[in-house]
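Q: Numbering follows our numbering, with no gaps: position 204 of the sequence shown is 204.
Check before you lean on any hint, since a few could be wrong.
Unchecked claim - Cβ-Cβ distance ranges computed for the label pairs, FRET-style:
#1 N281 / G327: 36 to 46 Å
#2 K154 / P198: 36 to 46 Å
#3 T379 / A183: 37 to 47 Å
#4 S194 / K245: 44 to 54 Å
#5 A411 / L118: 42 to 52 Å
#6 K154 / I134: 38 to 48 Å
#7 T169 / K232: 46 to 56 Å
#8 S199 / E73: 27 to 37 Å
#9 E108 / V342: 13 to 23 Å
To be verified - Computed cross-link-like contacts, DSBU-like style, restricted to lysine-lysine with a CA-CA straight-line distance of at most 35 Å:
#10 K310 / K211
#11 K245 / K139
#12 K139 / K66
None of these hints come from the bench; they were simulated from the model. For every residue, glycine included, the Cβ atom is placed at its ideal position computed from N, Cα and C.
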Amino acid sequence: MKLHPSLLILLCVFGLLGEVCPVSPEGNATVSSTSPHGSSPPHQVKEECDALNLESQRAVAGAVAKLGLKLLENLQPGSEQPNVVLSPLSISLALAQLALGAVNKTEEHLLGALHANLLPDYYKTLSCLQEQLISKAIKVASRIYLKPDFVLKKDFVEKSLQLFKSAPTPLTSVEEVNQWIEAATNGQINNFLSSLPPSVVLMLINAVHFKGEWTSRFDSRFTAKDLFYIDKQTAVKVDMMTGSKYPLSMFVDVEQGTKVARFPFQGNTSFLVVMPTPSQNLSRATANLNITDLYERLPSETTMLVKLPKIKLEYKQDLQPALKKMGLGSLFSGPDLSGIAVGPLVLSGVQHASSIELNEEGAEASATTSVILVRSVPTFAVNMPFIFVIVDDVSHMPLFLGVVTNPNPGATIELSDDPEIMEPSSSNIPTDAPQSDDPYWDNMLHDASDECEETERVLTY
1 MKLHPSLLIL LCVFGLLGEV CPVSPEGNAT VSSTSPHGSS PPHQVKEECD ALNLESQRAV
61 AGAVAKLGLK LLENLQPGSE QPNVVLSPLS ISLALAQLAL GAVNKTEEHL LGALHANLLP
121 DYYKTLSCLQ EQLISKAIKV ASRIYLKPDF VLKKDFVEKS LQLFKSAPTP LTSVEEVNQW
181 IEAATNGQIN NFLSSLPPSV VLMLINAVHF KGEWTSRFDS RFTAKDLFYI DKQTAVKVDM
241 MTGSKYPLSM FVDVEQGTKV ARFPFQGNTS FLVVMPTPSQ NLSRATANLN ITDLYERLPS
301 ETTMLVKLPK IKLEYKQDLQ PALKKMGLGS LFSGPDLSGI AVGPLVLSGV QHASSIELNE
361 EGAEASATTS VILVRSVPTF AVNMPFIFVI VDDVSHMPLF LGVVTNPNPG ATIELSDDPE
421 IMEPSSSNIP TDAPQSDDPY WDNMLHDASD ECEETERVLT Y
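Given these sequences and hints, build the entire structure.
A: So this is what it looks like as structure tokens:
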């Protein structure tokens, strides 16, 4: 069976509670008299997208990243869910669509959470980026579900269609919603909703599906059981993919105490790994993450021995508590969403489901027929908790963002087989290398220095 190196799904479901408004005699929604967000005629959309400069694209991508990182801070891994997987893009699209119908303080709070209040072309740029990304290996699907007797304002419907390709659909049953979700995610999310609250009149659904192929594939014959170190005392066995001569761009961020590596997919998309030292922890590394800065610092690719865990993770969460911590609590109590419809509306919840699968691409052989561990080849092993970002290489849009603390949650936790895995190296650290009080960090610096020396030696032959 053909295996795909990356398959990620994210689904955001917004359920709005409210009073059902009577249908107008013509069957049409009422028309909003004002248009606070502005829009362009359909025939101008392509021209406007083509005219967008890279700076504008990266500014909006940066806003999307800030939202994702803030959510990640408020969705810490725990014993029940040791890994977190989000799509900042999908969540931003869903919140942005909701903001189209928000007014006054509610609109202000939403735009603030989206980091869009200082970006005058936020909606247009986000819409254009969505169109550009769909042309790659990404599928984005949006839909508005509403009770048959519920009437949306025409202005909100038109903007949703124009910007997010989100068409209103009658909300007839849970089964119909689940069938659409399953189709939109290529069968990866089944029976997402078990029931609907009786007072739900409108749902905003946004799903993102990504499937990529490594530019440099892993050979499945070399995948073997290896340890992933959860902390200094415990570890878990995982299937570790191995590339003996893998072209990788990697650097050590001394200031942040992390190793950063880029695994490219075909089609200008990459899997970024940020692996901090235990003393720096994931929270600090997350708070200081800047995707554009990482891209600017990535060096040219170097042939390395690479180990990357083969993982298949699922994540499901109601984002309501996290959004409340981010200042959006009023959405769930008394928001002003009068741009969507006449009458009171309140958000009932933001349901989120996602999954990530990393594996080899088929069983194709690589250039080598065996894996030989030699010091002349630098090593990068993803065998400790790490942050990952799947990024569009051009705009730096974060498609997916997550934290992995245990790639194999169902496996038995065991004691670390190497008590010195996080202890100081016996070799002296080069005098020109930064010094640290952290033994593991010293080890990392030493290994990085060795990598540079050995890479230099390889290049001279």
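Q: Look at each hint and say if it fits the structure.
A: Quick rundown of the hints versus the structure:
1. The beta-carbon spacing between N281 and G327, approximately 25 Å, falls outside the hinted interval of 36 to 46 Å.
2. In this structure the hint that K154 and P198 lie 36 to 46 Å apart at CB is violated, the actual value being about 27 Å.
3. The hinted window of 37 to 47 Å between T379 and A183 holds, with their beta carbons roughly 43 Å apart.
4. Checked against the hint of 44 to 54 Å, the pair S194 and K245 passes, with Cβ atoms roughly 49 Å apart.
5. Distance hint check for A411 and L118: the Cβ-Cβ separation is about 46 Å, which falls inside the suggested range of 42 to 52 Å.
6. The hinted range of 38 to 48 Å is not satisfied by K154 and I134, whose Cβ atoms lie roughly 26 Å apart.
7. Range check, T169 to K232: Cβ separation about 52 Å, and the 46 to 56 Å hint holds.
8. The hinted window of 27 to 37 Å between S199 and E73 holds, with their beta carbons roughly 32 Å apart.
9. Here the CB-CB span from E108 to V342 is close to 21 Å, well matched to the stated 13 to 23 Å.
10. At roughly 15 Å between alpha-carbon atoms, K310 and K211 fall within 35 Å of each other, so this suggested pair holds.
11. Of the supplied pair hints, the one linking K245 and K139 holds, its CA atoms being roughly 32 Å apart against a limit of 35 Å.
12. Distance hint between K139 and K66 is fulfilled; the C-alpha atoms sit about 22 Å from each other, no more than 35 Å.
Checked against the numbered hints given earlier, this structure breaks hints 1, 2 and 6; the rest are met.
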